[in-house]
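Chemist: Sequences listed follow chains F and U, in order.
Numbering (my numbering) for the first sequence: 821 to 1164.
Numbering (my numbering) for the second sequence: 395 to 536.
These aren't lab readings, by the way, just hints derived from the structure by calculation.
Glycine included, every Cβ here is placed at the ideal spot set by N, Cα and C.
Please note that a few of the clues may not be correct.
[Unchecked claim] Here are the simulated BS3-like pairs of lysine-lysine, each with C-alpha atoms no more than 25 angstroms apart in a straight line:
(1) Lys973(F) to Lys958(F)
(2) Lys434(U) to Lys454(U)
(3) Lys434(U) to Lys843(F)
(4) Lys445(U) to Lys434(U)
(5) Lys504(U) to Lys445(U)
(6) Lys871(F) to Lys860(F)
(7) Lys871(F) to Lys823(F)
(8) Lys504(U) to Lys454(U)
(9) Lys973(F) to Lys994(F)
(10) Lys823(F) to Lys841(F)
(11) Lys418(U) to Lys434(U)
(12) Lys871(F) to Lys445(U)
(13) Lys504(U) to Lys871(F)
(14) Lys445(U) to Lys841(F)
(15) Lys504(U) to Lys860(F)
[Said to hold, decoys possible] Facing chain F, a subset of chain U residues (Cβ under 7 angstroms, in silico):
(16) Pro396
(17) Val409
(18) Leu479
(19) Tyr503
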Amino acid sequence: MKKFDDEILMAYVDSELGEEKRKEVELFLAEDAEARETVKGYRQTRTAIDKFADILDEPVPDHLIDTIRQHDKQSNVVQLPERKNTGLRWMAVAATLVVGVGLGAISMNYLEVKQSENEASITANKIAELSKALEAMKVDIESAEKNTATAEKSAAEAEMALAIGKTKIDNMTKALEIAQAANKKAQEQVLAVIRKKPKEALAVGGKNIFPFKLVAEAIDNGSKLSTDMQRNILSELNTPVATASSFSKLIKKSREEDLTTGASQYESLSDLQPTEMKGAKTTEQIKTREGTLYQPKMVKSIIGEFSFFSKTCRLFEYEIPHATKTSTLLACHSDAGLWEIIQR
Amino acid sequence: MPQLRAYARSRVPNVDDADDLVSKTCVRVLERQQQYNSAKPLVAWAIQIMKNISIDDYRKQKPMTGEIDPNLPDVSSNPSTLIDLSRLIYQLPLEQREVLVLSGIGYRYKEIAEKVNIPTGTVMSRLKRGRDALYELMNSDE
């Protein structure tokens, strides 16, 4: 068993040993009666010297406090310390000296200095915080101002674009209204003419060079033009009709009169034949998708020809076998395509 | 200040003399506060100042280590009061008294070494001798 000297045993009593050393000493004490006696003696002296702690609880005599106060007044220690941390250290010195006495034992001058330092420190901290907050607010305000300026610019641009858009819309609306009105008026006029004065249709239609006159004359000559065909023609008139190049010669003769007065100058069907059509065989076949619809002998004549949406259209007069009257037929074809019967 | 008053009791037997020593020490501390190194315990610095004052007084032939208060009862066995204890320890050398007092008011060995400015081992050896002597004094009449 390891032996321990008296200093270690004293340290054991004074709780100065570490945990491991303490256990070793306890094991040693369990085996060594002499060591136990030594420890007993140190416990006794420990109890004795612990009485010195009573001094800490004694009130500090007034004369001692007065001595310090008197020194304080004489030394005029309110002068600010020269060294940066002297004030705090000074307060620490004074405060430590009067522990157990109360703050009354310490110089009020020191306290005032300390308080001033604390207040100054707190104020400085607050000023720093406020300055920081102010700087942050300034940044926010600048950012907000920039955003506002950008937003205002965007709003102005948007407003301008809106105004432009509105103007465009207004203009388009007006143009549409004008176009619709004009179209409607033209339709009404055409309808009125078709129904009441078919011969004036061309003049009323103006630039729409559709052979209303031919149709009308065909009707006058006994051919029939169904109401459905009339409706189709009128429907097509809603869209500007391409110029009928092959029909130009036909209308050349009376263009001025037709376009200005609307009066018809054509006297007979023969006058209406297109130049290139004159002398054409009247036995031309009309081939459709269903095959040869009409035998040559059935086509009596070609009343007229015109272009319509890149198609060539012809108005045929034909005879229906075993029928006593002739009928008209409108058929169109594009390039080399087959004839398509538009209306009988 | 309570710690200083306790330490002063280890240097002078009379309570009033001890408080006078404390008073001088406090004034000296306040006068020389700019010399204080805040990295070290203030009490240790004050104790050092108190020791210097005691030495100066001794050199000036004005030792403050006067007679023990004559009004105190004479005790020679186990001290039941602080006064009893003070009478006993003043039969011990100063170097033992100071470590006994500082240990008695609760300082650890290391803290005592710091305040008295001696190695911890020296504190233990002085404390051991003081405790042994005190034990002998306490039990001498039994």
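Chemist: Against which earlier hints does the structure fall short, listed by number upward?
Modeler: 2, 3, 7, 8, 9, 14, 17
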